[in-house]
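As they're listed, the protein sequences go chains A and B.
With numbering that gives the first Met the number 0, letter number 156 in the first sequence gets 155, and the count goes up by one each step, no holes.
With numbering that gives the first Met the number 0, letter number 104 in the second sequence gets 103, and the count goes up by one each step, no holes.
Just so you know, not all the hints are guaranteed correct.
[Unchecked claim] Cross-link-like lysine to aspartate or glutamate pairs, in silico, EDC-like; alpha carbons within 16 Å at most: (1) A:K285 x B:E167; (2) A:K285 x B:D233; (3) B:K31 x B:D11; (4) A:K11 x B:E202; (5) A:K251 x A:D107; (6) B:K242 x A:E311; (7) A:K241 x A:E186; (8) A:K255 x A:D193; (9) A:K182 x B:E165; (10) A:K241 x A:D193; (11) B:K84 x B:E202; (12) A:K285 x B:D232; (13) A:K182 x B:D29; (14) B:K180 x B:E50; (15) B:K224 x A:D291; (16) B:K229 x B:E243; (17) A:K178 x B:E167; (18) B:K242 x A:D224; (19) A:K285 x B:E14; (20) A:K178 x B:E50; (21) A:K178 x B:E165; (22) A:K255 x A:D224; (23) B:K84 x B:E201; (24) A:K285 x B:D110; (25) A:K255 x B:E243; (26) B:K229 x A:D169; (27) A:K47 x A:D169; (28) A:K178 x B:D110; (29) B:K81 x B:E201; (30) B:K229 x A:D16; (31) A:K251 x A:D193; (32) B:K190 x B:D80; (33) A:K182 x B:D169; (34) A:K178 x B:E243; (35) B:K224 x A:D284; (36) B:K33 x B:D80.
[What the hints assert, rightly or not] Derived DEER-like restraints, expressed as beta-carbon distance ranges: (37) B:K224 x A:D173: 22 to 30 Å; (38) B:L170 x A:S125: 39 to 47 Å; (39) B:E14 x A:D211: 43 to 51 Å; (40) B:D169 x A:K285: 19 to 27 Å.
Quick caveat, the hints were computed from the structure, so don't treat them as lab data.
Cβ coordinates follow ideal geometry from the N, Cα and C atoms, glycine included.
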Amino acid sequence: MGDILVITEHLKGEFQDITFEMLGKAKELVGASGGQCVAVTFGSMNEKAGELGVADSVISIGGSDNFNPESYAAAVQSVVSAKSPPLIMVGSTSMGMDIANTVSTILDMPNISYCSDISIIGGGFSCTSSMYGGKMNVVTNVDGPAVAMVLAGAFNADAGRASGSPSVEDFSTDLGAGKVRFKQLIEPEASDVDITQSNILIAVGRGIGNKDDIELAEELAELLDADLACSRPLVDAGWMPKAHQVGKSGLKVKPKVYIALGISGAPEHIEGMKSSSTIIAINTDKNAPIFDVAHYGMVEDLFDVVEELVEELE
Amino acid sequence: MKIIVLLKQVPDLVEDLEVDTSGKTLDRSDIKYKLNEFDDHALEEAILLKENGSADKVVAMAVDGDGVDKMLFTAIAKGADKAVKLTGGNPVDSHQLGKVFSNALSSEGYDLVFTGVQSVDDRDGQLGPILASYIDTPCVSVVSGVFVSGGTAVVHKEYSGGMMGEFEVDLPAVLGIQAAKQPPRYAPVSKIRQVQQTLTIEEASMGNLGSGGGSSVVNMVPPAKGAGAKMMDDVEDLIDILKETGVL
């Protein structure tokens, strides 16, 4: 077995949690196989290599601090070609998606999406992908070098967080053809409510059915002194503002109580709310993955439950 | 300015999914399919660009299969100018899909290619960046806003926490669309029927499938149920829990 390459991810000068989640897992895997855990940083993040103490060494690509799908992928491709690692771990994230697919396709390596677990088997790896909205676990074994796209939240970030002084290798490389140019970072629109600070959240999902019925959830939120949150489909449908979205492309929340109404629990949503102290889920589908992370569940139509609850509370 | 939108059907997750006897794939005998929701957004974004004058032609393209004709007629009813169906093979993963679309694109011509950012079954990676690598164009994934002028597009790429990166991209390019600027429109059944009666779907041979994603499934199982949720029977139980947790 050789070294495992972890492609770090940063935003506004901070390593993202996914970086530490992958480092912790990579360290565990090389601990068993005898290789090294090597972190790849971009831009000036080499200056923060001390935060990557779990890595045995760091490869610093340099270049811009701002992610660029073209140049970051081109740089990772050069590192992979030069180092020939058996496994490259990339986040199953917005940035990781551009890097992992491009590098693996151009270098003709297998790429495994949505990895929720990775283990060593023989001379290769076994990857478990959480697919079909979290309803199926699919195991893929790979013998040769491969790219694994790691789901955020799949591994413990604390296992990958340690200060230290890994050696840093400067790796200068071609940064692509310049066909994609970073212009600016756009901050989220200011909102009247910050759901990351809420004590109690009532979160509505696709099960709500139509826009007008959100009122019912609002009524309940008011009675429980809770704030209203939602899953991504409601934002895409224009029913709820983005500032209320929980999950991968939305916000990460950890209220005391999270009440999920008509949310099936796709991995992208669970990523944003699984740290809530108490999770209560109401869904008509008894097989909905939300019931695996919820502490309390009810297989019922959310309208029946909420209407009755509102009546009782009034 | 021509936009090709790649459409794909995926299992409808509202239905129960079961594993077939091989233990490696879904039992497809009873599966209900629907258009990948992100592909629906990709189509909507393309039609919006046509409506605001940024694009003059939108082509919907898909691989042949059950229900695909209806999906393509629906795309035309929504506003696509024509539909192309690729026939003569059965691509099994994102890499083979990328390969057959790259074959078809070389004869169709394009300025932009839109795909949904991901799908619930793309185990070997996402179609957008895979296809872009095959046809050697730039690609940006997780895009929720496209603005076109001249030979470039300005796109908004979503990060976590509501942050976005703005990029300028030289055309031709592939974009993995997360969300259109407005929710995907519906096409009335009457309009779809009218399209079905008056227009035809072009067919093209999908050509060489390529070697695929280079990995195969060992097994597929529903996730092991952990301790799971403690189930409540009625609203009274729920009220008790709300009291216990201090909500009430």
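Right, here's what the structure says about each hint:
| no. | hint | result |
| --- | --- | --- |
| 1 | A:K285 x B:E167 | violated (45 Å) |
| 2 | A:K285 x B:D233 | holds (15 Å) |
| 3 | B:K31 x B:D11 | holds (6 Å) |
| 4 | A:K11 x B:E202 | violated (48 Å) |
| 5 | A:K251 x A:D107 | violated (35 Å) |
| 6 | B:K242 x A:E311 | holds (13 Å) |
| 7 | A:K241 x A:E186 | holds (12 Å) |
| 8 | A:K255 x A:D193 | holds (15 Å) |
| 9 | A:K182 x B:E165 | holds (5 Å) |
| 10 | A:K241 x A:D193 | holds (11 Å) |
| 11 | B:K84 x B:E202 | holds (5 Å) |
| 12 | A:K285 x B:D232 | holds (13 Å) |
| 13 | A:K182 x B:D29 | violated (48 Å) |
| 14 | B:K180 x B:E50 | holds (13 Å) |
| 15 | B:K224 x A:D291 | holds (7 Å) |
| 16 | B:K229 x B:E243 | holds (14 Å) |
| 17 | A:K178 x B:E167 | holds (8 Å) |
| 18 | B:K242 x A:D224 | holds (13 Å) |
| 19 | A:K285 x B:E14 | holds (11 Å) |
| 20 | A:K178 x B:E50 | violated (27 Å) |
| 21 | A:K178 x B:E165 | holds (14 Å) |
| 22 | A:K255 x A:D224 | holds (13 Å) |
| 23 | B:K84 x B:E201 | holds (6 Å) |
| 24 | A:K285 x B:D110 | violated (45 Å) |
| 25 | A:K255 x B:E243 | holds (12 Å) |
| 26 | B:K229 x A:D169 | violated (53 Å) |
| 27 | A:K47 x A:D169 | holds (14 Å) |
| 28 | A:K178 x B:D110 | holds (14 Å) |
| 29 | B:K81 x B:E201 | holds (8 Å) |
| 30 | B:K229 x A:D16 | violated (30 Å) |
| 31 | A:K251 x A:D193 | holds (11 Å) |
| 32 | B:K190 x B:D80 | holds (14 Å) |
| 33 | A:K182 x B:D169 | holds (13 Å) |
| 34 | A:K178 x B:E243 | violated (57 Å) |
| 35 | B:K224 x A:D284 | holds (15 Å) |
| 36 | B:K33 x B:D80 | violated (21 Å) |
| 37 | B:K224 x A:D173: 22 to 30 Å | violated (49 Å) |
| 38 | B:L170 x A:S125: 39 to 47 Å | holds (41 Å) |
| 39 | B:E14 x A:D211: 43 to 51 Å | violated (26 Å) |
| 40 | B:D169 x A:K285: 19 to 27 Å | violated (50 Å) |
Checked against the numbered hints given earlier, this structure breaks hints 1, 4, 5, 13, 20, 24, 26, 30, 34, 36, 37, 39 and 40; the rest are met.
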